[in-house]
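S.K.: One line per chain: the protein sequences are A and B, in this order.
With numbering that gives the first Met the number 0 applied, the first sequence covers 0 to 437.
With numbering that gives the first Met the number 0 applied, the second sequence covers 0 to 437.
Among the clues, some could well be false.
Among the chain A residues that face chain B by a calculated CB cut under 8 Å, a handful are [to be verified]:
hint, residue
1, A286
2, A335
3, R415
4, M416
Under 10 Å between C-beta atoms, here's a sample of chain B residues computed to sit facing chain A [stated by the list, open to error]:
hint, residue
5, T41
6, A82
7, D84
8, L169
9, R224
10, L245
11, K329
12, D381
Treat the hints as calculated values from the structure; they're not laboratory data.
Glycine included, each C-beta is placed from N, C-alpha and C at the ideal position.
Below, each chain spelled out in residue letters.
There are 2 protein chains.
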Amino acid sequence: MTPPRPVELAIAARWILPIEPQRVLSGHVLLVDEGRIVAVATQEESARDYAPRETIALERHALIPGLVNAHTHTAMTLLRGIADDVPLDAWLKDRIWPREAKFVTPEFIHDGVTLGAVEMLRGGITCCNDMYFYPDAAAFAYDAAGLRAVIGLPVLDFPTPYASDADDYLRLGLDARDRFKHLPRLAWMLAPHAPYTVADASFTRIVTYARQLDLAIQTHLQETRRELDEAIARYGQTELARLDRLGATGPGFLAIHAVHLGDGDRELLVRHGCSVAHCPASNMKLASGIAPVADLMARGVNVALGTDGAASNNRLDLFAEMRLASLLAKVATGDASALPAATVLRMATLGGAKALSLGETIGSLEPGKQADVVAVDLGEIDDAPVYDPVSHLVHVASRERVTDVWVAGEHVVRERMPTKVDVPALAARVRLWQHRLR
Amino acid sequence: MTPPRPVELAIAARWILPIEPQRVLSGHVLLVDEGRIVAVATQEESARDYAPRETIALERHALIPGLVNAHTHTAMTLLRGIADDVPLDAWLKDRIWPREAKFVTPEFIHDGVTLGAVEMLRGGITCCNDMYFYPDAAAFAYDAAGLRAVIGLPVLDFPTPYASDADDYLRLGLDARDRFKHLPRLAWMLAPHAPYTVADASFTRIVTYARQLDLAIQTHLQETRRELDEAIARYGQTELARLDRLGATGPGFLAIHAVHLGDGDRELLVRHGCSVAHCPASNMKLASGIAPVADLMARGVNVALGTDGAASNNRLDLFAEMRLASLLAKVATGDASALPAATVLRMATLGGAKALSLGETIGSLEPGKQADVVAVDLGEIDDAPVYDPVSHLVHVASRERVTDVWVAGEHVVRERMPTKVDVPALAARVRLWQHRLR
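Isolated chain A, as found in the complex:
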């Protein structure tokens, strides 16, 4: 008989939803050591085979993999709700870009990312995919807050206070990556802003870098009808067809929004094994349209869920996004069985992980993966009765039900309180920004 194996942490929960395999386990225990998942065992197996240093028992909770926010501009939390009820074009050109030009500095990014990281962690998001300016300031803030992040290195063909032209953006972005790539919770992607803000020559350079450095590419794509019409008028082809011609498509390619897609575009996504980041709240709020998510999934495209930035949402809340994705797909297709709860929960976890080329690392509670874990209390009277915890996670639970969060085994939220960020100090800095930005 072998002695029990010492492990750092055992979490017993009323339900465990590993996502892969797609089951609801009762009476099980998640075992964690050195930041990774060791096993999901029955209580009997756990008692027999493991000697945990710390044991946590959560009798009212569902334990799920951390949610993956597949698209956001995290630091825009500082602009939360500053411009509502405005279409995308006017929203960007009149409200957002002028403020960004005036205020966005490394300090803005640091404070905005810290605010967004706290909001996301408290809401059960353990990994986000960020596309914004000053990736070095962002990397520093994510590391301090404990949130896993994929940092998109932004590229634009027009100057901002951050950089002057496409080459400058690329140089600054890759420098930031060199400086911070030793941090194990960070990953990196190339992030040309959109086909309508980045020219062919720049995309060609981005594709070369992507191949040389083994970096995936993400970009906003066909978010509005007008954008698509203008692309066809200018280039004679859709944005996606143009990017395909330039060599940008491929298994790591992440199309953000992808609202307006013809049959040819959908086939391109299938053929190249691309992923889509679906952002239902943002697409609704900016009246951009409804992405054909049910059809994409039926064709086999990997779809992830994103919040977009807090200026167009106005919250970085994947619980809200999961529910919205399910409701929107049902009413858009006229099929009440479209995007059932289990499918949406998978999109928000393993779907997100795959979209960020992290499918082997996070997104499910499987042995060997990083211990990115979220405990959701389903025992509040408002949520009773619970016939099916999967349905409740999507259709009933709010993000406020998240009590505890671990990233790489580290207890980053304990009973709703972030453990690595001084929240009162952060609140004071946010108030200063608010006075300046108003």
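Position chain B relative to chain A; hints supplied.
M.R.: Relative to chain A, chain B alone:
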């Protein structure tokens, strides 16, 4: 100089949103006496003119009129999430009606209404419009929980354990009203279930009772395309045109759902001053369609917001419903300025009050109205910064931000805890129902 007037309660809050007039007041105080609003005064006026017995200062909060849930089947909380991802027809006939026939008793209604009342009160709803069985059991439970309610007296043309035929439903309903009509927080409506479950002869009797007893009529209306098509095939006219022919339309008439409306139907609603109860989550979840809310409001129809029952939502949460209504109207019309936050907040308060013929009694913080008041904490770090509290109430705040609720001046939720219901005892009863219903 007159001495200060003694009043029971003064609530000072960071912001007060009276809804009527449509303003955001800072540095103001709400004064309450004998269950009614006495004044919304500046701090200076309040200190000079009033001597409150109790003063509450809420430095991070917005104070709003209690939300009005214009359509629900409250006791269906006991069936929360029992049947997801199923279209309306199969949902009703295969999942819901068989369970109702077997389990719905006065005890079921009492416990389900108590559960729903606690959920609604904690979420800032101070008045609901309930349509379900055993109105006497419901009345008893609302009175005990402290929630204001309009109780729809149900009428169907088929038997259930509650009643045998339309006359029996009417008799039982009016008996319940006679027994409980002394309770000041309750009001009553006639609630024929739907045009497809109630025949012409029954509607004619309902219209007679409505006139004799001065009761308004509410009914589910044109919720699905199929229902409308069948009505036209059977009666040669839309459901609404048929009800108009039978004399049911008029200023107190409340059309629930009203998803599929042609131009003629919309004109009928305008002409008679009818109201619509819009239930976006339910309409999306059951894939029923998108009600033309922006167009109805442009025509001058009063639109209220409802959650529908917890079996098709799955939460009685008007914060979620407000946000959804705004997002859905924007994407449905392609106009990002449709249904802005202030409009939606008005729908969920004064719009609801008017739809329930309570526009003179509740729905705004005006002197003389009932003191149905909700305090929402906008000071959590997840919600920072707050540029516009109206936007935040719709697009950022969850119902979990509600800390305190008053109905008719009574403090029914204090720091998130219901004051009139024994929550652990309720939870135990709900667990028993869950075991039986599963």
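S.K.: Does each hint fit the structure? Answer for all of them.
M.R.: Right, here's what the structure says about each hint:
With 8 Å as the threshold, the beta carbon of A286 of chain A comes within range of chain B, its nearest partner Cβ sitting at about 4 Å, so the hint holds. Because the smallest distance between the Cβ of A335 of chain A and any Cβ of chain B comes to about 4 Å, under 8 Å, the interface hint for this residue holds. For R415 of chain A, the suggested interface contact is broken, since its CB lies about 10 Å from the closest CB of chain B, more than 8 Å. Hint status for M416 of chain A: violated, given a least beta-carbon distance of 10 Å to chain B, over 8 Å.
Look at T41 of chain B: its Cβ only gets to about 23 Å from chain A, farther than 10 Å, so that hint breaks. The restraint placing A82 of chain B at the interface with chain A holds, with a minimum CB-CB distance near 9 Å, inside the 10 Å limit. With 10 Å as the threshold, the beta carbon of D84 of chain B comes within range of chain A, its nearest partner Cβ sitting at about 4 Å, so the hint holds. Hint status for L169 of chain B: violated, given a least beta-carbon distance of 32 Å to chain A, over 10 Å.
Checking R224 of chain B against chain A: minimum C-beta separation of about 8 Å stays under 10 Å; hint holds. For L245 of chain B, the shortest C-beta to C-beta distance to chain A is roughly 30 Å, which exceeds 10 Å, and the interface hint is violated. Proximity of K329 of chain B to chain A holds as hinted, the smallest CB-CB distance being about 5 Å (cut-off 10 Å). At a threshold of 10 Å, the smallest CB-CB gap from D381 of chain B to chain A is about 5 Å, leaving the interface hint in force.
Comparing the model with each earlier hint shows violations of hints 3, 4, 5, 8, 10; every other hint is respected.
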